[in-house]
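S.K.: These are the residues of each chain, in order.
2 protein chains.
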Amino acid sequence: MPSPDLAVIGGGQLARMMQPPAIALGLRIRLLAEGPDVSAAQVVPDHVVGDHTDLASLRAVVADAPVVTFDHEHVPPEHLRALDAEGHACRPGPHALLFAQDKAAMRERLGELGVPCPRNAPIASRDDLEAFGFPAVLKTTRGGYDGKGVWVVRSQADADDAFAADRPLLAEELVDFRRELSALVARSPSGEMRTYPVVESRQVGGVCAEVVAPAPGLDPRLADEGRALAERIASELDVTGILAVELFETADGRLLVNELAMRPHNTGHWSIDGAETSQFENHLRAVLDLPLGGTRARTPWTVMVNVLGGDVDDLEAQRAVVLAAEPDVKVHLYGKSVKAGRKVGHVTAYGDDLDDVLARARRAGALLTSG
Amino acid sequence: MPSPDLAVIGGGQLARMMQPPAIALGLRIRLLAEGPDVSAAQVVPDHVVGDHTDLASLRAVVADAPVVTFDHEHVPPEHLRALDAEGHACRPGPHALLFAQDKAAMRERLGELGVPCPRNAPIASRDDLEAFGFPAVLKTTRGGYDGKGVWVVRSQADADDAFAADRPLLAEELVDFRRELSALVARSPSGEMRTYPVVESRQVGGVCAEVVAPAPGLDPRLADEGRALAERIASELDVTGILAVELFETADGRLLVNELAMRPHNTGHWSIDGAETSQFENHLRAVLDLPLGGTRARTPWTVMVNVLGGDVDDLEAQRAVVLAAEPDVKVHLYGKSVKAGRKVGHVTAYGDDLDDVLARARRAGALLTSG
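Line by line, the protein sequences are chains A and B.
One point on numbering: in numbering that gives the first Met the number 0, the residue at position 273 of the first sequence is 272, and numbering is uninterrupted.
One point on numbering: in numbering that gives the first Met the number 0, the residue at position 42 of the second sequence is 41, and numbering is uninterrupted.
Derived from the structure by calculation, the hints contain no laboratory data.
Do not take every clue at face value.
Claimed, not checked - A few chain A residues facing chain B, derived, Cβ under 8 Å:
no., residue
1, Ile22
2, Leu24
3, Asp312
4, Glu315
5, Ala316
6, Leu322
Stated by the list, open to error - So these bits of chain B aren't anywhere near chain A, every CB distance computed over 10 Å:
no., residue
7, Gly86
8, Lys147
9, Glu172
10, Glu258
11, Ala365
Glycine residues also receive a C-beta, built at the ideal position from the N, C-alpha and C atoms.
When you get a sec, could you build the whole thing from the sequences and use the hints?
M.R.: Written as structure tokens, this is what we have:
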């Protein structure tokens, strides 16, 4: 195999969706995949099967790759520091990625920067929780995602599962929010940044169900503030690639930072079909320090609906049904087997009329989820 | 490797550009590639290196693929008929593809259908040419493309090269045309059809240099006629997949059919970034008999400029230059080494103002061609 332009650690759908813009730009990806037929390994010829927690596997994959980037945030920080020390350009670097890996470190750093966050405190004991007060949201500081490792607690009894996990915990105030928003920015090592329109992210059971771009009826002042927050955090934390800042819009009209992700993010999937440059293309351009592309929406409204594993076992057979029902909805399947609640694809509709766009995307999503 | 959803014969840029929509739709391609690192083999993991003129290689690749389609029209007709007889679903089928492989057969059939064509006649001798008259365009009936195998002759002396080729020839009148147009249609085995807007194709030296979608200032009556011609030809010839009908718009305002291609076509590359559904996605949907997607343009104007091998040896290094100069132009590189005049990529710009769109696409194209 010729030398790759970059190595991607992790073979999930985010790595898979990097491949189409890599094909267009003539970029060669080398992939570290969890198995021979995981989502991204199906579409990236130059892949190595290995474990991202094994330093030898990481070293083998990044050997002749000038840049390393990630499908997920689960590479152990000590391995990232080792690769960095050995001269590999990890983007984002370990010093930045730490704040997406460790929620306590993230809250501490954002607090120092004066970025608005929910009130929060590290929790080492029942007494700490008592002192923090109820209701509270307890989170494991590492490894949680899609609602996993998160507990809403209104009493000490509610916190039994959280303490049983026996992992470092963070408490956050239970925010009275109007809705959830997301601000995405692409940032290059040279400091160039491009922010996407702020979107609304609608969650069900802690998992993103649908995204509306741009966030309907958002006060332009808050939209500007969301984009400025994303740019400020990306700069201060020296993020390279895509940074997703998940936000609460509070009932009293403020923005608070909920979570950070330093990779293409579910709330940016709308950009594949809806923006001038997709988040995946701009992630590649950013980590390779290539000039970034435009981030404007191509139509007034774009709606992305996640396809979670549901009643439809044979997604491929259902593809014809959904294309017949909604021929203009863009269907994205991840090549993953169906398990209940697993993200196995998404659909995107766009147009001038939000009600129509929303209805079409939801119909297509429902056909792939429930049949 | 799991069974593929379709086999693609030929590993050029057309097969390469089928892979992004295949990834989105969750379709697995198996490729017959001319070499281990040809354009499409770089991006399709399941590829076999072999020769498309060798029936055994073809059989090995299509073995467990329910559908077979093509990057080019060079598979020998007898091999296509053999695969067809063995039960493989070649799309387009040999009975259709013949008319894209053999210009004499195409002219005869279109003549029977009453489709407007330049005056033409098969040429077996100098006497035949004398009888046809001058000026004339002589073409080899098979194997010509991009201006190869085509001679404009104004005398018997001009025809020396054509006769020296010692291959069957066809003479056509030298059409007094205003410009060249192209009408693309996707057609499914079930008969569903979707036509793209008629575009203007600007050729230099017999090679497509740029495409403007839609064709500027085209009489709506001629646009309708072009689309209707494409649909009629696709139906009558039972084409499946994309059919490209290259047209002359004559000086006196008529349409004449110039060439047919039965695969995604250079004059449809604008659709990747410019249409609701790209020609590559609709080709896949058509050959798999999936419902077709919308073919409308997403913006008033889209311009595609070909990148032909020129003064720039290192396209990858030049990528940063063109993205810096034109961050919103979409760059498509084919992973091919640069040779003079070889198609190695294309760029696409879109927007509301044709002059601006044209200028941006040309600037980007020139930076990749001439530096």
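S.K.: Look at each hint and say if it fits the structure.
M.R.: Against the structure, the hints:
1. Ile22: Nearest chain B Cβ about 5 Å off; hint holds.
2. Leu24: 6 Å, holds
3. Asp312: Violated: closest Cβ of chain B sits about 14 Å from Asp312/A, beyond 8 Å.
4. Glu315: 6 Å, holds
5. Ala316: Since chain B brings no Cβ nearer than about 11 Å to Ala316/A, farther than 8 Å, the hint is violated.
6. Leu322: With a minimum Cβ separation of about 4 Å from chain B (threshold 8 Å), the hint on Leu322/A holds.
7. Gly86: 22 Å, holds
8. Lys147: Holds: least Cβ distance 25 Å, greater than 10 Å.
9. Glu172: 40 Å, holds
10. Glu258: 27 Å, holds
11. Ala365: The claim stands: Ala365/B keeps its Cβ more than 10 Å from every Cβ of chain A (closest is about 17 Å).
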